[in-house]
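S.K.: Dock chain B against the given chain A, drawing on the hints supplied.
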Amino acid sequence: MKIRVDPDRCQGHARCFGLAPELFEIDDYGLSTVVGDGRVPPELEERARLAIANCPEYAIDDCS
Amino acid sequence: MSSERERLMDTVVVVGAGLAGLRACEGLRQKGYSGRLVLVGDEVHDPYDRPPLSKQFLAGTVALEQVMLRSAEELGGLGLELRMGPEHRARRLDVAAGVVELEDGEELAFDGLVLATGSRARHLPGTEHLPGVFTLRSLDDAVSLKAVLESGARLLVVGAGFIGMEVAATARALGAAVTVVEPLEVPLGRVIGPLAGEALTRLHEAHGVRLLLGRGVASLEATPGGLRAELDDGTTLEADAVLVGIGAVPNVEWLDGSGLEIEESGVICDSTLEAAPGVVVAGDIARWPYVKSERVRLEHRTNAAEQGEHAAASLLGSREPFSTVPYVWSDQYDVKIQLLGIPRPTDDCEVLEGSFEEGSCLAVYGRQGSFTAAIGFHKARSLMRLRPLFLRGATFDEARTALG
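Protein chains in written order, with our numbering: chain A, 1 to 64; chain B, 1 to 404.
Pulled out of the complex, with its shape left as it was, chain A reads as follows (with noise of 0.2 Å):
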């Protein structure tokens, strides 16, 4: 699983860094990037889904 960040969607809401710290990191804004290239280890893809569907702005998509 490979997930990604639009960063013209994403407002910051950094709800994807409060479900899923190790994949997300987030700016003074709260702006959200994948860790390093969005590849998700199999043990954290649950939580790559929680972070997809929780994202208020649509802004995560999963790119595998």
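Certain hints may be false.
As the list claims (entries may be wrong) - One-sided and incomplete, this derived list gives chain A residues near chain B with beta-carbon spacing under 7 Å:
| hint | residue |
| --- | --- |
| 1 | Gly12 |
| 2 | Gly30 |
| 3 | Pro56 |
What the hints assert, rightly or not - Computed Cβ-Cβ distance ranges for the label pairs, DEER-style:
| hint | chain 1 | residue 1 | chain 2 | residue 2 | range |
| --- | --- | --- | --- | --- | --- |
| 4 | B | Gly152 | A | Glu43 | 57 to 67 Å |
| 5 | B | Pro321 | A | Glu25 | 26 to 36 Å |
| 6 | A | Arg4 | B | Tyr333 | 27 to 37 Å |
| 7 | A | Tyr58 | B | Gly152 | 49 to 59 Å |
| 8 | A | Pro42 | B | Thr401 | 28 to 38 Å |
| 9 | A | Asp8 | B | Gly259 | 44 to 54 Å |
| 10 | A | Glu43 | B | Arg91 | 46 to 56 Å |
| 11 | A | Arg4 | B | His207 | 31 to 41 Å |
| 12 | A | Asp8 | B | Glu299 | 36 to 46 Å |
| 13 | B | Ala96 | A | Asp8 | 45 to 55 Å |
| 14 | B | Pro131 | A | Asp37 | 50 to 60 Å |
| 15 | A | Glu25 | B | Gly85 | 39 to 49 Å |
| 16 | B | Leu82 | A | Asp6 | 49 to 59 Å |
Said to hold, decoys possible - Anything over 10 Å on all C-beta distances counts as not near chain A; from chain B, calculated:
| hint | residue |
| --- | --- |
| 17 | Gly126 |
| 18 | Leu237 |
| 19 | Asp331 |
Because the hints were derived from the structure by calculation, they are not lab data.
From the three backbone atoms N, C-alpha and C, an ideal C-beta is built for every residue, glycine too.
M.R.: For chain B alone, kept in the frame of chain A given last:
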């Protein structure tokens, strides 16, 4: 996953075509339900997103197409039978008979039912039909309000809640002259308490909003030049437009006599969001056991999304309890305000980072030793680091020292 329940269901009816209803439909399909799925909504629009209506859409930075939650293709892919528009509004439910009756008389028999009828805007009594008086709940409301918000327009906002303060901020950005009238002493006082509320007073005053706090509107009438409001302290205000933002009324009246139990305008459901066998509830109208079995009803956007999906799973036989950390946000000027949990105005409130004076601040709320909520102004990262503490029921002391 195919459950016993799923095999027994041929028709699921979802009443309410907002975010909760949409997510319920998507959840049902994702979890393998392939039977007849009827979506009932009382607006003609496809499901759309409400948060931008008072912000980017009103400001004109986001177009109508971008407010829609799904594309026509995505909706088509769900295989829905649509009943959209006022003539299809659900007007009666009989749980025992398994039938929903619509405004045009159609009777929809169901095996499974999702109730997600949301809320409507509360009006100032007697002003609903006055020209120039608006509420903001629906897309049509936003289109109407947008048309009158122009540079130099005099806008009176009644009620300093989320909608009122967001519209005030947007209207200022558009160059309107804005006055806000609110009976409480601070904006959002019932939600975030005095400390954070005072910070909002300063924020809006710094942007040129005139805040008339601690008083209410006694009368509102049309004049040849626009509208005139008289406040309960005798003050008279002239305005070109009035936005009434005094809360929302859950759409539950139609459930009278349905066999479901209604408490404080919410449909009582269990921890799985089930209100009766084969009947689940999601979003604004769901009243479910939150922390320590205290029942709450939330009008948050994220709650509608999460509960829609969860209710779908419960309808298909999952017994998983719904668990959430309540989250609501507001964008006012360039400040993102985020709130986790459910504070009460009387809770203790302690600042952990920054200060409300400088506009960047993180504070936590506590009640009788429990950690009840956290609020951030421009503090998304720190705020979300506190999220796990809610899930494990941390104490106020733990929350106060968590970021140390």
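S.K.: If you test the structure against every hint from before, which numbers come out violated?
M.R.: Of the numbered hints, 7, 12, 16, 19 do not hold.
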